[in-house]
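**Student:** When you get a sec, could you build the whole thing from the sequences and use the hints?
Positions 3 to 446 (the working numbering) are the ones given, in order, by the first sequence.
Calculated from the structure, these hints are not laboratory results. Treat the hints with care, since some could be wrong.
As the list claims (entries may be wrong) - Here are the simulated DMTMM-like cross-link-like pairs (lysine to aspartate or glutamate), alpha carbons at most 25 Å apart as the crow flies:
#1 363 x 414
#2 183 x 242
#3 188 x 201
#4 202 x 253
#5 188 x 210
#6 354 x 430
#7 183 x 253
#8 222 x 294
#9 231 x 189
#10 354 x 368
#11 231 x 210
#12 176 x 325
#13 110 x 156
#14 212 x 189
#15 351 x 26
#16 403 x 156
#17 193 x 167
#18 401 x 441
#19 419 x 437
#20 429 x 397
#21 354 x 389
#22 193 x 272
#23 345 x 80
#24 247 x 270
#25 107 x 39
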Amino acid sequence: MTKDKKNKPSKELPIGFVDRKEKELLVRDFIISNIREIMIKYGFQYLETPSFEYSDSIGKFLPDKDRPDEGVFSFKDDSKWLSLRYDLTAPLARYVAKNYLEIPKPFKRYQLGTVWRNEKPGPGRFREFLQFDADFVGAKSLQADAELCVMISEILEKSGLTKSDYIIKISSRKITESLFKKINIKDNDQKLTALRALDKIERLGWEEVKKLLGEGRKDKSGDFTRGAKLKAKDIETIEETLKKKIPETEDLVEIFKIFKDYNFNNFEFDPSIIRGLEYYTGAIFEVNLKFDVTNNKGQAIQFGSIGGGGRYDNLVNNFGNYDAPATGISIGLDRLVYALMQKKEFKVKQSKPVVICVIDKNLMKEYINVQAILRNADVSSEIYSGEGKLKKQMEYANKIKSPAVILYGENEIKSGKPTLRNLSSGKELSIEIKELVNEIKKII
RNA sequence: GCAGCAGUAGCUCAGUUGGUUAGAGCACUAGUUUGUGGAACUAGGGGUCGGUGGUUCGAAUCCACCCUGCUGUACCA
3 MTKDKKNKPS KELPIGFVDR KEKELLVRDF IISNIREIMI KYGFQYLETP
53 SFEYSDSIGK FLPDKDRPDE GVFSFKDDSK WLSLRYDLTA PLARYVAKNY
103 LEIPKPFKRY QLGTVWRNEK PGPGRFREFL QFDADFVGAK SLQADAELCV
153 MISEILEKSG LTKSDYIIKI SSRKITESLF KKINIKDNDQ KLTALRALDK
203 IERLGWEEVK KLLGEGRKDK SGDFTRGAKL KAKDIETIEE TLKKKIPETE
253 DLVEIFKIFK DYNFNNFEFD PSIIRGLEYY TGAIFEVNLK FDVTNNKGQA
303 IQFGSIGGGG RYDNLVNNFG NYDAPATGIS IGLDRLVYAL MQKKEFKVKQ
353 SKPVVICVID KNLMKEYINV QAILRNADVS SEIYSGEGKL KKQMEYANKI
403 KSPAVILYGE NEIKSGKPTL RNLSSGKELS IEIKELVNEI KKII
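**Tutor:** Structural data, given as structure tokens:
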């Protein structure tokens, strides 16, 4: 070992990136297997697109030009800029535009993939995370929007949530659109600021949101946020209209009717959900958890939604050639995993290997033989591959939560009966090799 | 990004108004047990006190800047 610490490589990870351990990965795999099963059942195609796209394909040509160059990781390759994808919807629009003539219309596809965002990370929020995304492209029917909600619901419940654990909140861009028309806001910046303010009703309450619609607001730390500077009269109109909580737009009326046909009722109309800015054109959904998620100090943390989506009728058209009204929904899988792991009753089991202790290296042939017998019977097992004495081997088996160890040394070889030690009870059995599999199966 | 608070061993933390060689618990290593884990006991390793510069006879402690984390806020396609 070198003592010189100065010129050693860093053990630290880049900010916002994390190592993910087995416990978490098992839960994630479990959710993924549920997703795939349900996607097949609902008739979606599986698709994978690359991690990198040309920056303009996933940003500059989108209607949302609010911050086209920020929030992504990019580099210049020869003359063109490439970016790591920040979601799976923009690459889908690119894929559809590129392959429009060959794909079925409507095109129903799902995708699981890592996405990257160059933003400030927080608890449960990373710069690299796994997203699940399902979309209908070329589907004008609102049945598609409704079915996405039903489908997400099925995934969540199959993964261990109950109806009282989550709710799908629904609204429509058409509501705010007509509202802005009514009070005659034309300035785009003002619209955006107002939308952002409305997005915070749940968290801040109407009083604070009204400040944001007006001059602005100071937060707890004393920082000031500039407001939308709307007239007091207009702010009142907005408050009155949204507080009524009546889904007056045609699209919502239709979707709620379809929900009834599906016998789906774990949703709620909430005009305060906004989701993104200029991207969506119609219905918008957000999947919210109803139980508290806590950090490692036991404090409830601001978790936000675990997913959402909506209708984006113009996205594919931005590539120029084809009109493809679309609707989709995504889930941040890591957030769902994090939330699910906090539910006490939730556990994913994986059997750990039985450890065959190496009492005498000259007997390796015997150990390999025992291992082959176990593995042929699909019993997870391993020959201790470290250097230590028996005590160390036992400590190892204990640490990896192995159910049992097999002791097969000089004494046992003589009688032809290995010793099987149950690591939870500490009991030892001296048994014939051919009985090993049966005895181990009793333990695990 | 902005604002507030924080950073001492792998982890959780103590360290009095600046004063000798910076501590504890857990974890780790070795031994008590030359073939037996989870308990106990004994011994041991491990820190440039987040970094750099400054004030001082003397800095973990005071000052400045930087880095990192947490919380709020902004942004989140």
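**Student:** Next, verify each hint and record whether it holds.
**Tutor:** Results of checking the hints against the structure:
A C-alpha spacing of about 15 Å is found between residue 363 and residue 414, which places the hinted pair at or below 25 Å, so the restraint holds. Restraint check for residue 183 and residue 242: the C-alpha separation of about 15 Å stays at or below 25 Å, so the hint holds. As the CA atoms of residue 188 and residue 201 are separated by approximately 19 Å, the hinted pair is consistent with the 25 Å bound. A hinted pair counts as satisfied when its Cα atoms are at most 25 Å apart, and residue 202 with residue 253 qualifies at roughly 24 Å.
Note on residue 188 and residue 210: the hinted pairing holds, with a Cα-Cα distance of about 23 Å set against a maximum of 25 Å. Pair hint residue 354 plus residue 430 holds up; C-alpha atoms about 19 Å apart against a cutoff of 25 Å. A C-alpha spacing of about 18 Å is found between residue 183 and residue 253, which places the hinted pair at or below 25 Å, so the restraint holds. The hinted pair formed by residue 222 and residue 294 meets the criterion: a straight-line CA distance of about 22 Å does not exceed 25 Å.
Under the criterion of a C-alpha separation no larger than 25 Å, the hint pairing residue 231 with residue 189 is consistent with the structure, at around 11 Å. In summary, the hint linking residue 354 to residue 368 is supported, as the alpha carbons are separated by about 22 Å, within the 25 Å threshold. At roughly 14 Å between alpha-carbon atoms, residue 231 and residue 210 fall within 25 Å of each other, so this suggested pair holds. About 20 Å separates the Cα atoms of residue 176 and residue 325, which keeps this hinted pair within 25 Å; it holds.
Distance hint between residue 110 and residue 156 is fulfilled; the C-alpha atoms sit about 17 Å from each other, no more than 25 Å. Taking the CA atoms of residue 212 and residue 189, the gap is near 19 Å; set against the 25 Å cutoff, the hint holds. Of the pairs offered as hints, the one joining residue 351 and residue 26 holds, with about 12 Å between alpha carbons and a cut-off of 25 Å not exceeded. As the CA atoms of residue 403 and residue 156 are separated by approximately 34 Å, the hinted pair breaks the 25 Å bound.
For a cut-off of 25 Å, the pair hint linking residue 193 to residue 167 is broken: about 34 Å separates their Cα positions. Distance restraint check for residue 401 and residue 441: the Cα-Cα separation of roughly 22 Å lies within the 25 Å cut-off, and the hinted pair is therefore satisfied. The suggested pairing of residue 419 with residue 437 holds, with an alpha-carbon distance near 10 Å, which does not exceed 25 Å. Only pairs whose Cα atoms come within 25 Å are accepted, and residue 429 paired with residue 397 is accepted, the gap being roughly 16 Å.
With a CA separation close to 21 Å, the supplied pair residue 354 and residue 389 stays within the 25 Å bound. Between the alpha carbons of residue 193 and residue 272 the distance comes to roughly 19 Å, so the proposed pair stays at or under 25 Å and holds. A distance of roughly 49 Å separates the Cα atoms of residue 345 and residue 80; the hinted pair therefore is violated under the 25 Å criterion. Note on residue 247 and residue 270: the hinted pairing holds, with a Cα-Cα distance of about 10 Å set against a maximum of 25 Å.
A threshold of 25 Å between alpha carbons decides the hint, and for residue 107 with residue 39 the separation of about 23 Å falls inside it, so the pair holds.
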